[in-house]
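Student: Listed below are the residues making up each chain.
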Amino acid sequence: MLYREAGQFKATYAADQQIFPIRQDRIGIQLLLALAFVAVPLFASEYWLKAIMVPFLVFSLAALGLNILTGYAGQLSLGSAAFMAVGAFASYNFMLRVDGMPLLVAFALGGLAAALVGIVFGLPSLRIKGFYLAVATLAAQFFIVWLLTKVSWFSNDSSSGVITAQAMVILGYEFASPQAKYLLVLGLVATMALMAKNMVRSSVGRAWMAVRDMDVAAEVIGIRIMHTKLLAFAVSSFYCGVAGALYAFAYLGTVEPEGFNLDLSFKILFMIIIGGVGSISGAFLGSAFIVLLPIFLDVLVQDVFAGLLSPTIASNMQLMVFGGLIIFFLIVEPHGLARLWQIAKEKLRLWPFPH
Amino acid sequence: MNGRQIGDVILDLQNISLRFGGVKALTNISFDVREHEIRAIIGPNGAGKSSMLNVINGVYHPQEGRIVFHGEERRRMEPHMAAMQGIARTFQNIALFKGMSVLDNIMTGRITKMKSNFIEQAIHIGRAQREELEHRKKVEEVIDFLEIQHIRKTPVGRLPYGLQKRVELARALAAEPSMLLLDEPMAGMNVEEKQDMCRFILDVNDQLGTTIVLIEHDMGVVMDISDRVVVLDYGKKIGDGTPDDVRNNEEVISAYLGVAH
Chain A
0 MLYREAGQFK ATYAADQQIF PIRQDRIGIQ LLLALAFVAV PLFASEYWLK AIMVPFLVFS
60 LAALGLNILT GYAGQLSLGS AAFMAVGAFA SYNFMLRVDG MPLLVAFALG GLAAALVGIV
120 FGLPSLRIKG FYLAVATLAA QFFIVWLLTK VSWFSNDSSS GVITAQAMVI LGYEFASPQA
180 KYLLVLGLVA TMALMAKNMV RSSVGRAWMA VRDMDVAAEV IGIRIMHTKL LAFAVSSFYC
240 GVAGALYAFA YLGTVEPEGF NLDLSFKILF MIIIGGVGSI SGAFLGSAFI VLLPIFLDVL
300 VQDVFAGLLS PTIASNMQLM VFGGLIIFFL IVEPHGLARL WQIAKEKLRL WPFPH
Chain B
0 MNGRQIGDVI LDLQNISLRF GGVKALTNIS FDVREHEIRA IIGPNGAGKS SMLNVINGVY
60 HPQEGRIVFH GEERRRMEPH MAAMQGIART FQNIALFKGM SVLDNIMTGR ITKMKSNFIE
120 QAIHIGRAQR EELEHRKKVE EVIDFLEIQH IRKTPVGRLP YGLQKRVELA RALAAEPSML
180 LLDEPMAGMN VEEKQDMCRF ILDVNDQLGT TIVLIEHDMG VVMDISDRVV VLDYGKKIGD
240 GTPDDVRNNE EVISAYLGVA H
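Going line by line, the protein sequences match chains A and B.
FYI, numbering that gives the first Met the number 0 numbers position 243 of the first sequence as 242, with every residue one higher than the one before it.
FYI, numbering that gives the first Met the number 0 numbers position 27 of the second sequence as 26, with every residue one higher than the one before it.
Next up, chain A with everything else stripped away, as it sits in the complex (with noise of 0.2 Å):
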């Protein structure tokens, strides 16, 4: 009932463009922004912070990325984690070279760094598409981590190409308390996002979606489709960067290279398909779907099923719970999470007289 666009009538373009069209989603996005900036910081315990939130974030941002690239402009990749790992070394060795480089700054050129390799694996796009492509971004996957291995320069001539990322420090102040981290990490996120929304409601996004959609429609109406391709992969590379120096800056501390390995990559995917190809909020979705859902499922059997199961059972148990959520999901909505989210919400538009 409270969920109704009734009576809300625009007078201009800029108000039905506008990004929450519906004022009860604008009092909705600004609860959950004060709930995200304010609350959570204020009672939320450090184990909250530390190992829940900030992960959850970091993911999201990835998710944001593959988001940009395989839902909004069709280009299957696997090489995900690959670019985390080049914005993680990228800004470790920008920090560690560079005397006083700003810290945001090493993120961003951490950023660019992972957008000028994925410009390059993006490439192969060109010519191929689909499961093939994705094959072919397999080799970026594999070549980064390696090379990362393989040169000492990159982790600065540690024995086992672990690096240990520099205190976060801005204008003097240091990022050391959860706290503090969790919102840097959520400033961040929270700016890029809002970005990520900007761009793909605005002529870039639909020259990404036209590529998507039918590649010869979107030539013959001018979208020089190279340069689109290239594009997205230069942005999803970016945001998966800013990802990767995040992970490894806020979130873990030391890193080495076989940490951004393929799991990541699949794992970043799976948050993809389960938060809803094509969608910003999909990101997050997928990302606490994917972070929180173990967590709960280990407290859950830790607690609750304790005593009825051996441990090597429990810890199965729990992948297959894992597992069979996932299809469940897929099977209810293959278009995500935030798919159902829309539902509901259109469904709840004409609640209680659906007719």
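Possibly wrong hints are sitting among the right ones.
[What the hints assert, rightly or not] Pairs of lysine-lysine residues, derived as DSS-like cross-links and limited to a Cα-Cα distance of at most 25 Å, are as follows:
#1 B:K152 <-> A:K346
#2 B:K112 <-> B:K152
#3 B:K112 <-> B:K97
#4 A:K196 <-> B:K136
#5 B:K152 <-> A:K344
#6 A:K196 <-> B:K137
#7 A:K344 <-> A:K196
#8 B:K152 <-> A:K9
#9 A:K346 <-> B:K97
#10 B:K97 <-> A:K196
[Said to hold, decoys possible] Facing chain B, from chain A, some residues (calculated, C-beta under 8 Å):
#11 Y12
#12 A14
#13 I26
#14 Q29
#15 L137
#16 V203
#17 L230
Don't read these hints as lab results, they were simulated from the structure.
This one's a predicted model, so the numbers in the text were calculated from it and none came from an experiment.
Cβ atoms here follow ideal geometry from the backbone N, Cα and C, with glycine treated the same way.
Given the coordinates of chain A, work out where chain B should sit on it, guided by the hints.
Tutor: Positioned in the frame of chain A, the structure of chain B alone reads:
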């Protein structure tokens, strides 16, 4: 229809030949298109009509022949450059962007006129935002023109066939083309839908002054609305002239319109 004045030749195709390996799709075809006219291309299936349109907007590159557009001879050209020069088209099998709304589809049609880059669009203040609103206004004019206000927010995949065809026309018109290529705009429509489409095509031609090149199988429609007709058969031109000329041309009758046996 009396308001418009047919002008000079704006597109001149001379001795166009197009081959795919050993298959000759078009052989030595010449014809021209004058400004503001409605020029129909007819012919049996496989005659090379769609190939002809693809040559005009740069999807195919003929091995032989000259194409002169607006007095300039055209070298090898990519489709997006044809779009820049003001050639828009619709497709035989609807080629809308299925995942997008009607409004977004039509907005995409204006993409060559957008100047802001992706960074400005990401920040979305200043020029990018202004542009978005200006183009929305233009797009709304097209929406009004084609009477599709009620479906502007609907995803195109949910629309019935006839409306999808109309949205595709809207997307082409949004680019404000000087020449519009229509590939079977009325295929698979019922009588009312065909009448609507005819009315829109004539309105576009009459009110916007757009030159139209159209492929159509419905002879009634072709003879009614076109100024001149070119007839293709097996990749060769077998007739060219006003609808009346073509109707009385022996070769055309035996190849296409049908003869009594």
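Student: Compare the structure with each hint and give your call.
Tutor: Results of checking the hints against the structure:
1. B:K152 <-> A:K346: 17 Å, holds
2. B:K112 <-> B:K152: Satisfied, since the Cα-Cα distance of roughly 22 Å is no more than 25 Å.
3. B:K112 <-> B:K97: Given that 25 Å is the threshold and the Cα spacing comes to 22 Å, the pair holds.
4. A:K196 <-> B:K136: 22 Å, holds
5. B:K152 <-> A:K344: 16 Å, holds
6. A:K196 <-> B:K137: 23 Å, holds
7. A:K344 <-> A:K196: 19 Å, holds
8. B:K152 <-> A:K9: Roughly 14 Å between the alpha carbons, so the hint for B:K152 and A:K9 holds.
9. A:K346 <-> B:K97: 23 Å, holds
10. B:K97 <-> A:K196: 20 Å, holds
11. Y12: It holds, given that the least Cβ distance between A:Y12 and chain B is near 4 Å, below 8 Å.
12. A14: Result: violated, 10 Å to nearest chain B Cβ.
13. I26: With Cβ-Cβ at 21 Å, over 8 Å, it is violated.
14. Q29: At about 18 Å, which exceeds the 8 Å cut-off, the nearest Cβ of chain B leaves the hint on A:Q29 violated.
15. L137: At about 26 Å, which exceeds the 8 Å cut-off, the nearest Cβ of chain B leaves the hint on A:L137 violated.
16. V203: At about 4 Å, which falls below the 8 Å cut-off, the nearest Cβ of chain B leaves the hint on A:V203 intact, so it holds.
17. L230: Constraint on A:L230 satisfied, holds at 6 Å.
The structure does not agree with the numbered hints 12, 13, 14 and 15 stated previously, though it agrees with the rest.
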